[in-house]
Amino acid sequence: MSDVTNLPIYKPPSPGERPDAPRKEEPPRPGMIRIPGGTFRMGSDRYYPEEAPVHRVTVDGFWIDPTPVTNRQFREFVNA
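Numbering-wise (our numbering), the sequence shown opens with residue 34 and increments by one.
Hints may be right or wrong, so weigh each one.
[Stated by the list, open to error] The following label-pair restraints were derived from C-beta to C-beta distances:
no., residue 1, residue 2, range
1, P99, F73, 20 to 26 Å
2, R89, P63, 31 to 37 Å
3, R89, G49, 27 to 33 Å
4, A85, R62, 35 to 41 Å
5, A113, P82, 35 to 41 Å
Hints in this document: simulated from the structure, not taken from any laboratory. Using N, Cα and C, we set each Cβ at its ideal position, and we do this for glycine too.
All chains should be built: construct the whole structure from the sequences, respecting the hints.
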């Protein structure tokens, strides 16, 4: 099982640093899997108003653990 207390925490850009500047990607920990980035259509015009409008979204690839985080692990992470 993964130790969520060692996960990197998001750091906002420093003053003068561009928020869209490329970030250094942390090396994956053993056992993590790579989710490739891509573009997809997000939203819906058919169900709830807050889902509209349908729009294209592009996300970067990222690493993720293949198993879910338990409530206990999340609590330990929050309290760290």
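Status of each hint after checking the structure:
no. : hint                    : verdict
1   : P99 to F73: 20 to 26 Å  : 22 Å, holds
2   : R89 to P63: 31 to 37 Å  : 35 Å, holds
3   : R89 to G49: 27 to 33 Å  : 30 Å, holds
4   : A85 to R62: 35 to 41 Å  : 39 Å, holds
5   : A113 to P82: 35 to 41 Å : 38 Å, holds
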